[in-house]
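In case you want the letters, here they are:
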Amino acid sequence: MKTRIKPLNLLLLSSIPFLVLGLIMTIGSYKRYLAVEAAAEQLEFIKNLPHAVTPGESVKMPAFSENLFLSQNSALSGTLSCTYYEGRISVRHFKASVKRGFFSATELEYLADARGRN
Amino acid sequence: MKKYTAYFIISAVAFSLLLQAVFIWFFVRTSDLNRFIYIRKKVEKNARLALAAADSYMDFKRGPATAILALPSCSLDNTLIPGSFDFFVMHTSAGTSVFSAYPSDLSARKHESLYMNNIKHLEYSYSGALFGFKCSVNDTLYGRSFFITREYSLLPSGAGAF
Chain A
534 MKTRIKPLNL LLLSSIPFLV LGLIMTIGSY KRYLAVEAAA EQLEFIKNLP HAVTPGESVK
594 MPAFSENLFL SQNSALSGTL SCTYYEGRIS VRHFKASVKR GFFSATELEY LADARGRN
Chain B
30 MKKYTAYFII SAVAFSLLLQ AVFIWFFVRT SDLNRFIYIR KKVEKNARLA LAAADSYMDF
90 KRGPATAILA LPSCSLDNTL IPGSFDFFVM HTSAGTSVFS AYPSDLSARK HESLYMNNIK
150 HLEYSYSGAL FGFKCSVNDT LYGRSFFITR EYSLLPSGAG AF
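Heads up: the protein sequence lines correspond to chains A and B, in order. The numbering of the first sequence is our numbering, which starts it at 534 and goes up by one. The numbering of the second sequence is our numbering, which starts it at 30 and goes up by one.
FYI, nobody ran anything at the bench for these hints, they're computed from the structure. Since we're looking at a predicted model, the values are computed, not measured. Be aware that one or more of the hints could be misleading.
Straight-line alpha carbon distances no greater than 27 Å define the calculated DSS-like cross-link-like pairs of lysine-lysine that follow [said to hold, decoys possible]:
#1 B:K70 - B:K139
#2 B:K71 - A:K580
#3 A:K628 - B:K74
#4 A:K580 - B:K139
#5 B:K74 - B:K139
#6 A:K632 - A:K593
#7 B:K149 - B:K32
#8 B:K149 - B:K163
#9 A:K632 - B:K163
#10 A:K593 - B:K163
#11 B:K71 - A:K628
#12 A:K580 - B:K74
#13 B:K70 - B:K163
#14 B:K163 - A:K580
#15 B:K163 - B:K71
Between the sequences and the hints, there should be enough to build the whole structure, so can you do that?
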């Protein structure tokens with residue numbers, strides 16, 4: 534004798550994966566917003582102090598300034614790195630990378646003129 | 030079997046309600062963050078074009094709850110008008126935050142005011158040309174900073190000055 538799943542139960546069961554997926558996407562988009570704002574805030578400060586980070590060095594964020602997005606969200610962590618852009622010593626390539634989970638990260642980059650304030 | 034079916038339905042409904050509650054919580058947080066981002070875009074648009082933070086304008090005086098940015102006046106063809114300034118004033122009082130643009134008589138900018146409620150603890154700072162603001166949206170503190178040191182004589186053709 535076959536036992537068939539009732540349509541209501543089937544509907545309930547099939548709705549749960551979609552619910553979980555929607556929740557993951559909502560949380561992911563919220564964290565992505567926060568990561569972008571955190572990275573942009575860090576770059577805004579460092580672009581006017583291009584010599585604060587040594588080329589080749591990677592500094593843990595928040596670096597040199599307060600960052601409310603990182604301090605209020607322990608799930609986010611970031612690093613700020615600096616390299617010479619295309620080998621030019623007067624142009625610094627800053628990259629702010631904010632991790633928002635095990636497998637996802639947001640990266641913002643900025644090219645700063647090291648000869649003056651940007 | 031009916032007992033197990035009932036358990037299953039109750040468990041599924043409870044799990045679903047829990048997930049929906051978490052979804053609502055994150056949705057509200059995202060809405061609050063979007064409100065801040067809207068303010069941030071408004072401030073950033075004027076801060077990027079500003080030359081300095083002014084000490085006073087009309088009845089407004091610079092302080093923790095009031096910020097005044099001086100923007101160069103510009104004509105319709107994006108040419109800056111020397112000696113003329115437009116002012117962007119951000120002021121908070123009694124739980125209402127106001128973001129107003131006061132153009133000069135010569136400027137092509139329009140006067141506009143944006144009122145936002147439930148934006149608390151709006152605080153401004155200006156030091157070393159770094160203009161920063163913090164605001165609290167539903168007890169969550171957000172903040173951003175902008176440097177205003179740029180001097181320019183002509184706006185780019187795509188600049189949203191108006």
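Here is what the structure says about each hint:
Under the criterion of a C-alpha separation no larger than 27 Å, the hint pairing K70 (chain B) with K139 (chain B) is consistent with the structure, at around 17 Å. Proposed proximity of K71 (chain B) and K580 (chain A) is supported: the alpha carbons are some 21 Å apart, at most 27 Å. Simply put, K628 (chain A) and K74 (chain B) have alpha-carbon atoms about 23 Å apart, close enough for the 27 Å limit, and the pair holds. Between K580 (chain A) and K139 (chain B) the CA atoms are separated by roughly 32 Å; this puts the pair beyond 27 Å, and the hint is violated.
As the CA atoms of K74 (chain B) and K139 (chain B) are separated by approximately 14 Å, the hinted pair is consistent with the 27 Å bound. Proposed proximity of K632 (chain A) and K593 (chain A) is supported: the alpha carbons are some 12 Å apart, at most 27 Å. Straight-line distance between C-alpha atoms of K149 (chain B) and K32 (chain B) comes to about 52 Å, which puts the hinted pair past the 27 Å bound. Between K149 (chain B) and K163 (chain B) the alpha-carbon distance is near 9 Å, which keeps this suggested pair within the 27 Å criterion.
Annotation: proposed proximity of K632 (chain A) to K163 (chain B) holds, straight-line Cα distance about 23 Å (limit 27 Å). At roughly 23 Å between alpha-carbon atoms, K593 (chain A) and K163 (chain B) fall within 27 Å of each other, so this suggested pair holds. Note on K71 (chain B) and K628 (chain A): the hinted pairing holds, with a Cα-Cα distance of about 25 Å set against a maximum of 27 Å. For the hint linking K580 (chain A) to K74 (chain B), the alpha-carbon distance of about 18 Å falls within 27 Å, and the restraint holds.
Of the pairs offered as hints, the one joining K70 (chain B) and K163 (chain B) holds, with about 13 Å between alpha carbons and a cut-off of 27 Å not exceeded. With a CA separation close to 20 Å, the supplied pair K163 (chain B) and K580 (chain A) stays within the 27 Å bound. Between K163 (chain B) and K71 (chain B) the alpha-carbon distance is near 14 Å, which keeps this suggested pair within the 27 Å criterion.
In summary, the structure is inconsistent with hints 4, 7 from the numbered list given earlier, while agreeing with the others.
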